[in-house]
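Got chain A sorted already, so can you dock chain B onto it with the hints?
Heads up: the sequence lines are chains A and B, in that order.
So for the first sequence, my numbering puts the first residue at 10; every next one is plus one.
So for the second sequence, my numbering puts the first residue at 10; every next one is plus one.
Among these hints, one or two may not hold up.
Which copy? The list can't say, so a pair holds if one copy fits it or any two copies do.
To be verified - Derived DSSO-like pairs: lysine-lysine, alpha-carbon spacing no greater than 30 Å straight-line:
#	residue 1	residue 2
1	Lys111	Lys198
2	Lys160	Lys198
3	Lys187	Lys160
4	Lys111	Lys41
Honestly, the hints are just simulated from the structure, not real lab data.
Number of protein chains: 2
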Amino acid sequence: MLSLQMSGSIYLVGIGPGGRDSMTPRARDRLKEVSVVIGHQASLELVSELIAGKETISREMSPVERAELAVARAGEGKEVAVVSTGDPGIYAIASTFFSYLKENGLTVRVEVIPGITVASAAAASLGSPLGHDFAVISLADLATDQSDIKKRLEAAARADFVIVLYNPIGKVGDVRIKEAITILLTHRKATTPVGIAIKATTEQERIEITTLGEISAGSIDTDALVIIGNSETFVYNGRMVTPRGYQKGIGY
Amino acid sequence: MLSLQMSGSIYLVGIGPGGRDSMTPRARDRLKEVSVVIGHQASLELVSELIAGKETISREMSPVERAELAVARAGEGKEVAVVSTGDPGIYAIASTFFSYLKENGLTVRVEVIPGITVASAAAASLGSPLGHDFAVISLADLATDQSDIKKRLEAAARADFVIVLYNPIGKVGDVRIKEAITILLTHRKATTPVGIAIKATTEQERIEITTLGEISAGSIDTDALVIIGNSETFVYNGRMVTPRGYQKGIGY
Numbered sequence: 010m011l012s013l014q015m016s017g018s019i020y021l022v023g024i025g026p027g028g029r030d031s032m033t034p035r036a037r038d039r040l041k042e043v044s045v046v047i048g049h050q051a052s053l054e055l056v057s058e059l060i061a062g063k064e065t066i067s068r069e070m071s072p073v074e075r076a077e078l079a080v081a082r083a084g085e086g087k088e089v090a091v092v093s094t095g096d097p098g099i100y101a102i103a104s105t106f107f108s109y110l111k112e113n114g115l116t117v118r119v120e121v122i123p124g125i126t127v128a129s130a131a132a133a134s135l136g137s138p139l140g141h142d143f144a145v146i147s148l149a150d151l152a153t154d155q156s157d158i159k160k161r162l163e164a165a166a167r168a169d170f171v172i173v174l175y176n177p178i179g180k181v182g183d184v185r186i187k188e189a190i191t192i193l194l195t196h197r198k199a200t201t202p203v204g205i206a207i208k209a210t211t212e213q214e215r216i217e218i219t220t221l222g223e224i225s226a227g228s229i230d231t232d233a234l235v236i237i238g239n240s241e242t243f244v245y246n247g248r249m250v251t252p253r254g255y256q257k258g259i260g261y
Numbered sequence: 010m011l012s013l014q015m016s017g018s019i020y021l022v023g024i025g026p027g028g029r030d031s032m033t034p035r036a037r038d039r040l041k042e043v044s045v046v047i048g049h050q051a052s053l054e055l056v057s058e059l060i061a062g063k064e065t066i067s068r069e070m071s072p073v074e075r076a077e078l079a080v081a082r083a084g085e086g087k088e089v090a091v092v093s094t095g096d097p098g099i100y101a102i103a104s105t106f107f108s109y110l111k112e113n114g115l116t117v118r119v120e121v122i123p124g125i126t127v128a129s130a131a132a133a134s135l136g137s138p139l140g141h142d143f144a145v146i147s148l149a150d151l152a153t154d155q156s157d158i159k160k161r162l163e164a165a166a167r168a169d170f171v172i173v174l175y176n177p178i179g180k181v182g183d184v185r186i187k188e189a190i191t192i193l194l195t196h197r198k199a200t201t202p203v204g205i206a207i208k209a210t211t212e213q214e215r216i217e218i219t220t221l222g223e224i225s226a227g228s229i230d231t232d233a234l235v236i237i238g239n240s241e242t243f244v245y246n247g248r249m250v251t252p253r254g255y256q257k258g259i260g261y
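One chain only, chain A, in its complex shape (with noise of 0.2 Å):
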């Protein structure tokens, strides 16, 4: 057991999309702060200007390494922070983290700072996707059994939740987006629009809206988002919008 006295923090740091004016002051401040700075080489470079001269460990490693890494440093006495693009909380590092100091027994001061998730970006570029109740999925998860996916989907889809699907391209390839696509065909009509956003709202956005019987699984890219409308969802002046209560006079 670390002792709380003797170890520095960890911060799990949410950077955004990627662009450098959708970073908060918190956790910019933060970067500028700590000694160690833990990441993908591709994260860091995003906050390259922030971390230069501080020692940054970016090599190809599981985020349970990464966990046991921000932890050894912290137990050294070192302000470390681990970097996540979008949220740290949403399929990211959080949830490994915690994970693993409990599995260890491990007591180590931490703090969360939540960055816009690549939803909340991919939305606003798309138009407004996600203004009514919607479902976050992840396709590409190989810790997850393939059959509980499949659930969530049907589940999702019967209830007309907009749902959002994360990582349709993963290891597995797009077997799994094309699985979804179905299953989603099975609900929704094929003129449901679906919204793709590869890294909304940074220099390389790339936005397309098409619907669920024209998606074309070759089209989505590792890096994509792909938002799914509910029966309501309509597409106007190149903007996809999920209505909520359209009607005069209620303040919800």
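Showing chain B alone in chain A's frame:
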């Protein structure tokens, strides 16, 4: 139809959960640039330094009236910001705004500027409850049939989604949150962790971690966000965590 050439622009600006250090530079810069700022009194107070001297409109009105007013001012050639706390695309102004444009056949320049969602902020302060697939449901939306809300609660509960409840207490009082708890208890153990977050990441933050069996509707505030864990969510050292395939070597 408003002419594109004659009109100004409208920015739907998300300022995040409320703390100054959680607002992105992009949101801050836009608020500084515009000449008209529309929003709830409480939201405008959070950005008062940025909008000093500008025309501000904060009187009580419905979201549709806010959209009308923004379009009218843009029609006069003004640059207009409509401010939302959290993210404008999630249960906020963006969907009403685009629906209003469609219903009235209007074309104006609109930019949506995402903010840290209240869900991200709440999750960060609670630990990492959104580490796996989750469903987001608003309970107090008067424009949504109660039967649809129940259907979504049932579906999300059955498929073992983490469930995020927005607007647990609304104009309808605590009837809906009580019904939601009853529905969820038929599908999940009474020991399922539940996080309640009020004004997370701001100076007024209040965080509580309880269980589905012990939660009291009376302790839930209008401003609260309620997060119900899935079958694997645990509490360790005061943090609520939904694990994500904790397995060494799995890189997702």
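Results for each hint:
Taking the shortest Cα distances, Lys111 and Lys198 sit within 30 Å of each other only across copies (21 Å), while inside one copy they are farther apart (45 Å). Taking the closest pair of Cα atoms, Lys160 and Lys198 come within 30 Å of each other both inside a single copy (19 Å) and across two copies (20 Å). Both within a single protomer and between protomers do Lys187 and Lys160 lie at most 30 Å apart by alpha-carbon distance, with minima of 15 Å and 27 Å respectively. In this homomeric assembly, Lys111 and Lys41 come within 30 Å of each other (Cα to Cα) only inside a single copy, at 29 Å, whereas the closest approach across copies is 45 Å.
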